[in-house]
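Given only the sequences and the hints, what does the whole structure look like? Please build it.
Going left to right, the sequence shown walks through residues 331 to 640 as my numbering numbers them.
I should point out that these hints are in silico values taken from the structure, not numbers from a laboratory. These figures come from a predicted structure and were not determined experimentally. Glycine is no exception: its CB is placed at the ideal position from the N, C-alpha and C atoms.
If you anchor each label on the Cβ, the simulated ranges turn out as follows: (1) H420 x E349: 20 to 30 Å; (2) R402 x R524: 44 to 54 Å; (3) A536 x R402: 46 to 56 Å.
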Amino acid sequence: MRAMQATRHGGPEVLAEAEMPDPVPGPGQTLVDVEAAGVNFADLKRLEGSYNPSPTPFVPGSEVIGRTEDGRRVMGFAGQAYASKAVLDHPVEVPESLGAGAALALLVQGLSAWHLLRTAARLAPGETVVVNAAAGGVGHLAVQLAREFGAGRVIGTASTAGKRALVMELGADAAVDGEADGYAERVAEANEGRPADVVLDAVGGAVFEAALGALAPFGRLVTYGSSSGQPPAPVDPGLLAQRNIAVAGYWLGGSLHLPGTMDPLRDLLELTAAGRLRPMAGGDYPLAEAGRALEDLAARRTTGKLVLRP
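Here it is, written out as structure tokens:
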């Protein structure tokens with residue numbers, strides 16, 4: 331099979347095209363011809379060696395949509411995704427009508443958004459939800475799912491006017507600038523003078539700290555990343571107690587072994603088929619240009635789910 335292999339740790343430039351033996355499925359696994367492989371920010375971190383580090387050489391990526399030997403179109407998690415063939419754990423069938431980019435957006439990003447709201451934040455009907463980086467991969471789905479789950483008010487943050495317009499198109503009640511300075515004040519103004527019940531944050535650093543200040547009593551801040559690259563903000567347990575607020579963390583990769591983690595995927599596919607959820611497909615890149623796809627992702631030149639096409 332053809333694959334993109336990381337020959338050493340570093341940036342996207344370390345990827346090189348390689349011919350490798352076809353993977354062999356183990357018990358309960360399924361071999362597929364890859365239609366498309368998803369590109370994630372975590373792939374960049376893995377290349378750097380700072381996230382789920384792997385000895386080199388290795389084939390990055392974790393999500394694939396493809397065809398089984400008997401012709402079924404399925405998607406699932408793969409240990410080596412940037413390749414023309416892959417072995418999937420627990421594959422889920424995908425409707426022919428759903429594009430590869432939109433389908434793959436439901437895997438890591440869609441499941442993450444679902445569990446951020448349901449499992450980690452334990453969103454209750456009528457509560458206000460703030461989604462930081464709401465035009466991003468997880469964010470744009472969290473905005474829509476928060477509405478689907480009965481949130482009383484959904485507020486998205488985004489860095490540009492264009493992205494804020496997109497957030498409004500996705501169904502948010504308000505969209506505000508996500509910078510740390512003045513964050514709590516902008517959130518309160520967008521929430522009719524009240525603080526928020528739930529904040530989902532993957533920015534980290536100063537924005538994480540500002541988001542704590544935007545919480546109402548018994549509010550929950552769920553952190554699931556630190557795209558700002560800023561060091562984690564310290565959390566004072568005394569402050570949490572005084573204000574009756576909570577901080578939780580969520581990482582999909584750390585919960586995949588738990589029963590039920592994958593179950594919402596079928597619901598996400600049904601919501602998409604019914605037109606109630608709009609996963610955004612982004613750019614398609616040839617497999618050999620995986621480095622360019624990652625460079626564009628890192629530079630924030632893209633919107634929607636990026637995929638590689640063998």
